[in-house]
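*Asks:* Sequence:
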Amino acid sequence: MKSDNLNDNWLIVVNPNAGRKRGKKDWNQIAALLDNSGTKYHAVFTEQPRHAIEITMQGIADGYRKIVAVGGDGTMNEVVNGVFLQQVISASEITIGIITVGTGNDWGRMFGIPTDYEGAVGLLKKNETCLSDAGVVEYHSDEGKGKRYFINIAGLGFDAVVVRRTNTQKEKGRNGKAIYFYNLLRSLLFYSHTHTDVVIDGRLITNQTFTISLGIGKYSGGGMKQTPNAIHDDGLFDITIIKRMRKGEIIRSLKKLYDGTILEHPKIEGHTGRNIIINSKPPIQLEADGESLGYSPIEFNIIPAAVNVVFNADKITA
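Using my numbering, the letters of the sequence shown correspond one by one to residues 22 to 339.
Simulated from the structure, these hints should not be mistaken for lab results. Heads up, the beta-carbon is just placed ideally off N, CA and C, and yes, glycines get one too. Just so you know, not all the hints are guaranteed correct.
[Stated by the list, open to error] Simulated DEER-style distance windows between Cβ atoms:
| # | residue 1 | residue 2 | range |
| --- | --- | --- | --- |
| 1 | E285 | K61 | 32 to 42 Å |
| 2 | I110 | G59 | 20 to 30 Å |
| 3 | N322 | C151 | 31 to 41 Å |
| 4 | Q50 | I226 | 42 to 52 Å |
| 5 | G269 | K336 | 30 to 40 Å |
| 6 | K42 | R71 | 16 to 26 Å |
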């Protein structure tokens, strides 16, 4: 359904390849639920990587102020980047939501978004929103300096290596939580540690580091709580630094990644901050919201109260 006032309509960005092509397979079902709910919308399908960024920017220029991603966390990340890269209106005047067809749903889990389509469409109809922080990271790559916005979690070191391996397999049509866990265990066979200098709001922390996570949200990797105390609207990153460990100790500690007790481990540090600068020898790899990016030197900055998010008020307290 569509009205003449675009401000009343949702721009729906559909990734047809998300979730083993569930975006394409299930779109008719999702569209029927949207139609039956009386939701006014216009849907556009992505055609290649980064296309969701372009669709979002053009949609905002055309007058849309409410945007929903039909896809996974990667599709949402591209929508978020489109929101921040456009120069028509403040990002805080845009509302974003998700109907997840991916496998992780880590960003949606933070805001109580149902994984069933009917529940997710119902939330869009209610349109209850809260403001969420976002992050921006500047990094280096083989193409030069890069910049990316994100709204959930960024990972460096071992985490980024696992994500890169997983993304490579996704491109070959393999997907699912089991793939991520398989790559986690496989990467342990060769990955060691990196000497890092981490500057948090001007305070230097030097370690032999296994992995680092910076979270606006709590969840990553299909339900892991790498930043278990993260609050989406406190204007701070939660930073978890896992220092050098033996492989057996890492495997024994995996349970802590899921039950929220990771910060109780003596070789794991938790911090909060607004500006984080990371240098390392050798360079440390980076991912944000599950998107493989580049490597150090890296600088993160928080963007407080950055964008409106559709959330489930019955599941979380904003």
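*Asks:* Does each hint fit the structure? Answer for all of them.
*Replies:* Going through the hints against the structure:
no., hint, result
1, E285 - K61: 32 to 42 Å, "violated (48 Å)"
2, I110 - G59: 20 to 30 Å, "holds (26 Å)"
3, N322 - C151: 31 to 41 Å, "violated (21 Å)"
4, Q50 - I226: 42 to 52 Å, "holds (49 Å)"
5, G269 - K336: 30 to 40 Å, "holds (37 Å)"
6, K42 - R71: 16 to 26 Å, "holds (19 Å)"
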